[in-house]
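**Q** Numbering (this note's numbering), first residue to last: 31 to 161.
Check the hints yourself; a few may be wrong.
[What the hints assert, rightly or not] Per label pair, the in silico range of CB-to-CB distance:
| id | residue 1 | residue 2 | range |
| --- | --- | --- | --- |
| 1 | 76 | 96 | 16 to 22 Å |
| 2 | 145 | 85 | 48 to 54 Å |
| 3 | 150 | 100 | 21 to 27 Å |
| 4 | 153 | 83 | 38 to 44 Å |
| 5 | 95 | 131 | 36 to 42 Å |
| 6 | 72 | 136 | 41 to 47 Å |
| 7 | 90 | 127 | 24 to 30 Å |
| 8 | 133 | 73 | 38 to 44 Å |
| 9 | 68 | 131 | 20 to 26 Å |
| 10 | 154 | 124 | 55 to 61 Å |
| 11 | 93 | 146 | 19 to 25 Å |
| 12 | 88 | 135 | 27 to 33 Å |
| 13 | 124 | 147 | 18 to 24 Å |
| 14 | 155 | 47 | 22 to 28 Å |
If you're looking for bench data, these hints aren't it; they were derived computationally from the structure.
For every residue, glycine included, the Cβ atom is placed at its ideal position computed from N, Cα and C.
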Amino acid sequence: ALSSTLGEGLEGLMNADVAAVLAVLIGVLKGEHAASCVIVLMLTGGEALEEYAMDRAGQSVHSLLEKKNLDQIVRRICGDSGDKEARWDAVPAAQVQEGDTLLLSLGEDVCVDGELVSGEVVVSEAAITGE
């Protein structure tokens, strides 16, 4: 891996990994072992953080996909033009349509975009933002 990385650098395909490997080698050859260790720690730490972030993002996406099957309480107008009535039905979030009104309870997941019609609400967007 080291020889191929160095080979890439020599062919003009310089990247951050090649620069780091060269810095580590030069540091070792000049006796700057502490500096070389710091560079290695920075590289491995960065890779570990990147892997952690990717795992969290994957979990968030998976969680959002699972919620599309949660039921939402929806108010819909039913009946023909002469006899319309509004009723509340539980439907999967994937079947919520534009114009539906949702009834939400404290702590309930909101699985669709919408606009607040009445009341007050604080919505956690952590599943979307990854926080």
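**Q** All hints, please: hold or fail.
**A** Hints versus structure:
{"no.": "1", "hint": "76 with 96: 16 to 22 Å", "verdict": "violated, 31 Å"}
{"no.": "2", "hint": "145 with 85: 48 to 54 Å", "verdict": "violated, 34 Å"}
{"no.": "3", "hint": "150 with 100: 21 to 27 Å", "verdict": "holds, 23 Å"}
{"no.": "4", "hint": "153 with 83: 38 to 44 Å", "verdict": "violated, 23 Å"}
{"no.": "5", "hint": "95 with 131: 36 to 42 Å", "verdict": "violated, 25 Å"}
{"no.": "6", "hint": "72 with 136: 41 to 47 Å", "verdict": "holds, 45 Å"}
{"no.": "7", "hint": "90 with 127: 24 to 30 Å", "verdict": "holds, 26 Å"}
{"no.": "8", "hint": "133 with 73: 38 to 44 Å", "verdict": "violated, 52 Å"}
{"no.": "9", "hint": "68 with 131: 20 to 26 Å", "verdict": "violated, 58 Å"}
{"no.": "10", "hint": "154 with 124: 55 to 61 Å", "verdict": "violated, 21 Å"}
{"no.": "11", "hint": "93 with 146: 19 to 25 Å", "verdict": "holds, 23 Å"}
{"no.": "12", "hint": "88 with 135: 27 to 33 Å", "verdict": "holds, 29 Å"}
{"no.": "13", "hint": "124 with 147: 18 to 24 Å", "verdict": "holds, 21 Å"}
{"no.": "14", "hint": "155 with 47: 22 to 28 Å", "verdict": "violated, 35 Å"}
When the structure is compared with the earlier hints, violations turn up for hints 1, 2, 4, 5, 8, 9, 10 and 14 and for no others.
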